[in-house]
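Following the hints, position chain B against chain A.
Chains as they are written, first to last, in the numbering used here: chain A, 1 to 261; chain B, 1 to 520.
Since the hints were derived computationally from the structure, they do not count as laboratory data.
Using N, Cα and C, we set each Cβ at its ideal position, and we do this for glycine too.
Per label pair, the in silico range of CB-to-CB distance:
#1 Glu-502/B with Asn-80/A: 55 to 61 Å
#2 Lys-506/B with Thr-104/A: 46 to 52 Å
#3 Ala-314/B with Ile-85/A: 55 to 61 Å
#4 Gly-414/B with Arg-257/A: 30 to 36 Å
#5 Gly-414/B with Lys-122/A: 24 to 30 Å
#6 Trp-192/A with Leu-272/B: 43 to 49 Å
#7 Leu-20/B with Ala-29/A: 19 to 25 Å
#8 Leu-20/B with Asn-57/A: 38 to 44 Å
#9 Leu-253/A with Asp-271/B: 51 to 57 Å
#10 Ala-314/B with Pro-220/A: 30 to 36 Å
#11 Asp-271/B with Thr-254/A: 52 to 58 Å
#12 Asp-271/B with Thr-104/A: 53 to 59 Å
#13 Asn-111/B with Asn-238/A: 56 to 62 Å
#14 Leu-272/B with Tyr-190/A: 44 to 50 Å
Keeping only pairs whose Cα atoms sit at most 20 Å apart, straight-line, the calculated SDA-like set for lysine to any residue is:
#15 Lys-122/A with Asp-156/B
#16 Lys-477/B with Leu-30/A
#17 Lys-477/B with Pro-31/A
Derived contacts from chain A toward chain B, CB cut-off under 10 Å, selection only:
#18 Glu-27
#19 Pro-31
#20 Arg-44
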Amino acid sequence: MTFSLTTHKPDLFKNDLNHPLKYKGHEAALPSGYATNRLIAMVRDPYWLFCYWDFDNNSWETVNQYIKQPFFLRLLTEENELAKIPINPQARSWYINTYAPGKTISLELVVCTASGFLVLLKSNLITMPTGSVSSFTDELWLSINELYSEKYCLSLGGSPHYWQKEAKREEAHYLASPIPQLLPSAKDHYLWLDTELIIYGKTTPDAVLLQNDQVVALDPEGQFQLHFKLNDGKQSLNFESYAKNGLSKTKALTVERSLQP
Amino acid sequence: MKKGYLAIILHAHLPYIRHLSDGDLEEEWLYEAIIETYIPLLNLLENLEAERVPVRIGISLTPPLLNMLEDKTLLKRFKKRLEVYLELADKEVKRTERTYPFNETAQLYKNNLLNVKAKFEFFQGDLIAPFKHFQSVGMVELLASAATHGYLPLMDLTPNCQKAQIVQGVSEYKRFFGVDPKGFWLPECGFSPGIDTFLAANGLRYFITDTHALLHANIKPRYANYAPIYTPGKVAAFGRDQESSKQVWSATEGYPGDYDYRDFYRDIGFDLDYEYLHFILEPVGSRKMTGFKYYKITSSSDYKEPYYPATARAKAKLHAANFVFNREAQVNYLATITDRPPILVAPYDAELFGHWWFEGPIFLEEVLRLAANSSVLELVTPKDYLEYHPTNQIAIPSASSWGYNGYNEVWLEGSNDWIYPHLHAAGWHLANLAAQKDLPQSKQRRLNQAARELLLAESSDWAFIMKTGTFADYARKRTKEHLANFWQLTTNLDQPLNDLVEKLEKLNPIFPEIDYRIFA
Numbered sequence: 001m002t003f004s005l006t007t008h009k010p011d012l013f014k015n016d017l018n019h020p021l022k023y024k025g026h027e028a029a030l031p032s033g034y035a036t037n038r039l040i041a042m043v044r045d046p047y048w049l050f051c052y053w054d055f056d057n058n059s060w061e062t063v064n065q066y067i068k069q070p071f072f073l074r075l076l077t078e079e080n081e082l083a084k085i086p087i088n089p090q091a092r093s094w095y096i097n098t099y100a101p102g103k104t105i106s107l108e109l110v111v112c113t114a115s116g117f118l119v120l121l122k123s124n125l126i127t128m129p130t131g132s133v134s135s136f137t138d139e140l141w142l143s144i145n146e147l148y149s150e151k152y153c154l155s156l157g158g159s160p161h162y163w164q165k166e167a168k169r170e171e172a173h174y175l176a177s178p179i180p181q182l183l184p185s186a187k188d189h190y191l192w193l194d195t196e197l198i199i200y201g202k203t204t205p206d207a208v209l210l211q212n213d214q215v216v217a218l219d220p221e222g223q224f225q226l227h228f229k230l231n232d233g234k235q236s237l238n239f240e241s242y243a244k245n246g247l248s249k250t251k252a253l254t255v256e257r258s259l260q261p
Numbered sequence: 001m002k003k004g005y006l007a008i009i010l011h012a013h014l015p016y017i018r019h020l021s022d023g024d025l026e027e028e029w030l031y032e033a034i035i036e037t038y039i040p041l042l043n044l045l046e047n048l049e050a051e052r053v054p055v056r057i058g059i060s061l062t063p064p065l066l067n068m069l070e071d072k073t074l075l076k077r078f079k080k081r082l083e084v085y086l087e088l089a090d091k092e093v094k095r096t097e098r099t100y101p102f103n104e105t106a107q108l109y110k111n112n113l114l115n116v117k118a119k120f121e122f123f124q125g126d127l128i129a130p131f132k133h134f135q136s137v138g139m140v141e142l143l144a145s146a147a148t149h150g151y152l153p154l155m156d157l158t159p160n161c162q163k164a165q166i167v168q169g170v171s172e173y174k175r176f177f178g179v180d181p182k183g184f185w186l187p188e189c190g191f192s193p194g195i196d197t198f199l200a201a202n203g204l205r206y207f208i209t210d211t212h213a214l215l216h217a218n219i220k221p222r223y224a225n226y227a228p229i230y231t232p233g234k235v236a237a238f239g240r241d242q243e244s245s246k247q248v249w250s251a252t253e254g255y256p257g258d259y260d261y262r263d264f265y266r267d268i269g270f271d272l273d274y275e276y277l278h279f280i281l282e283p284v285g286s287r288k289m290t291g292f293k294y295y296k297i298t299s300s301s302d303y304k305e306p307y308y309p310a311t312a313r314a315k316a317k318l319h320a321a322n323f324v325f326n327r328e329a330q331v332n333y334l335a336t337i338t339d340r341p342p343i344l345v346a347p348y349d350a351e352l353f354g355h356w357w358f359e360g361p362i363f364l365e366e367v368l369r370l371a372a373n374s375s376v377l378e379l380v381t382p383k384d385y386l387e388y389h390p391t392n393q394i395a396i397p398s399a400s401s402w403g404y405n406g407y408n409e410v411w412l413e414g415s416n417d418w419i420y421p422h423l424h425a426a427g428w429h430l431a432n433l434a435a436q437k438d439l440p441q442s443k444q445r446r447l448n449q450a451a452r453e454l455l456l457a458e459s460s461d462w463a464f465i466m467k468t469g470t471f472a473d474y475a476r477k478r479t480k481e482h483l484a485n486f487w488q489l490t491t492n493l494d495q496p497l498n499d500l501v502e503k504l505e506k507l508n509p510i511f512p513e514i515d516y517r518i519f520a
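Excised from the complex, chain A in its bound form:
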């Protein structure tokens, strides 16, 4: 019994049944392609796009003719080329991290020939979601930034893993909740080192405090303490405090850890 039809249920009921029953019967056959020259780009999220391509018979001949040459997907904005990604034309699909949220993007599938790049396919245009708060404010409305920040925080306050993931992707590649580590078995000789990071501070008690866009809980006196597992690398932690009277303060902290083998 599993009609887990939205993405939220597995979160709640992730140990879903692995039902022994396999659906019986043959799967209908679909064509492997539609013999059309086509390069299609699709948005996956603010960073990633998915693309797939197909060739007509003539173009497949061209592809085969140059099969030993390098093929690329060129990632283009209206102004410039963002990247050239080496691909295998027979793969027929590819995921690309555009590193370009908010940008309007198109692709070209090209092969590098002796006389330069030969464009085989051009894609549709797609606009990546920004993944962030717009910097545009409506002139017809009076926007109160401080107020907005406060409400924005409140909304973030109930953040599901979406927000955590997004924050992680942006800044905190090396920050994670402290997780109990498994020590090696006692019978082996070992040396085990690790470290954690504790940050504490204080702000106006009624302010809203953000650490890398995540809300930080304050005690009634405005004090806070954060506890992270600290992995190798350099991390910067940005703190923004928004007071009720509209004032804001920003402070940043950079920490580096390097564990020598």
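Just chain B now, kept in the frame of chain A:
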């Protein structure tokens, strides 16, 4: 005037599953949802109506669900299945006779099943009529939804398919409820700019999105997600409230994970002797959930203790009070920093209440009762809000969904990305055919069936199931089957295919009044 608004919206949906032969496992999803969610939901609305509680709640019943609920064959099979469950209930009450508290739980399941049977007979098998009734007395606002729960943002390249999903969804709503819908449930809250123009063209006034559709909107909304924005297409977008969402959805912090609540996984279908259960496991024969579960969640491990229904019931009421208290606190606070009463939009999958979270209907009934009597909150639907506050800011909501990570990746990843070249090709092909004029009746009938097959292939459920892995074979097979049917029906139109058309009309009789030209 109250300080703020609470809009609870339930989204009821199941993929269209109707096999020629009786007894397939996937078809039981409908039967289980009727028993565990839809009838309990009607019961709680009935209780509140009897108490004259001034309730307002939004409910979307998707076209596939409505089509299954009116399907005589499925309803006949349901009645038959219900008798088997009742037989099991009798056996269970007897088996647990001298064991406390198991007998109490068995008796509870038996009473629930008897209630389902009585209600089903009382409504003469028509479970859509009572929802219509609750809309007519003003307790419920029913929302329309896409024809087959197609995930619209990934149809950006085939806008004719986005349009067809919306047009067919709205026309099914009119067929079932006899009035025009005002609100639209975007499947998976999936939005991308442009979809709003199709909604507006079909007379819809609002839709529900996830929080960041508003927070990341272009231009920055003044009230964040505590007021709707109008899209350039002049439809209002309401953004989900994260706090109320987390309290109900979250596995770690949410109410449904409370240790006193009934455990979903521990089921006698896997615990008891095969011989004892064989009559309920037939005709498939493999072990499965039966709905008879006697343990509470107890802990995060496999260790389980007996379930006490009365304790769990009390807990559900306690959680309801906590939920309303928190919404009041939220509104009280927001009211101090905004110049208009904030709206908290709380959408949930209907099947969470009752099916996954057994005590969910008790919780929901109590939440509605408390919120309706709150001095701080006013229960509304988004339509009511727009009547109170017709002036709203104009901005473009961000592309988004309520799926994992907030965008399209659930329905576009390694397990399911292969479907898009086929769906796109079919969408473009049908657009060309739909633009042809003066086709003879026989070809139109054939293309109507092709439209049904394409819509069925577009259900977001298949891509989702492929990703989650359980029943992935079934989802793959359904996608391929509908697409293969589509290509058969739309290739060589001059070659007659009457037998196939007739066969497929019987096999997939969804949308009796469809007109393929919606794909133009």
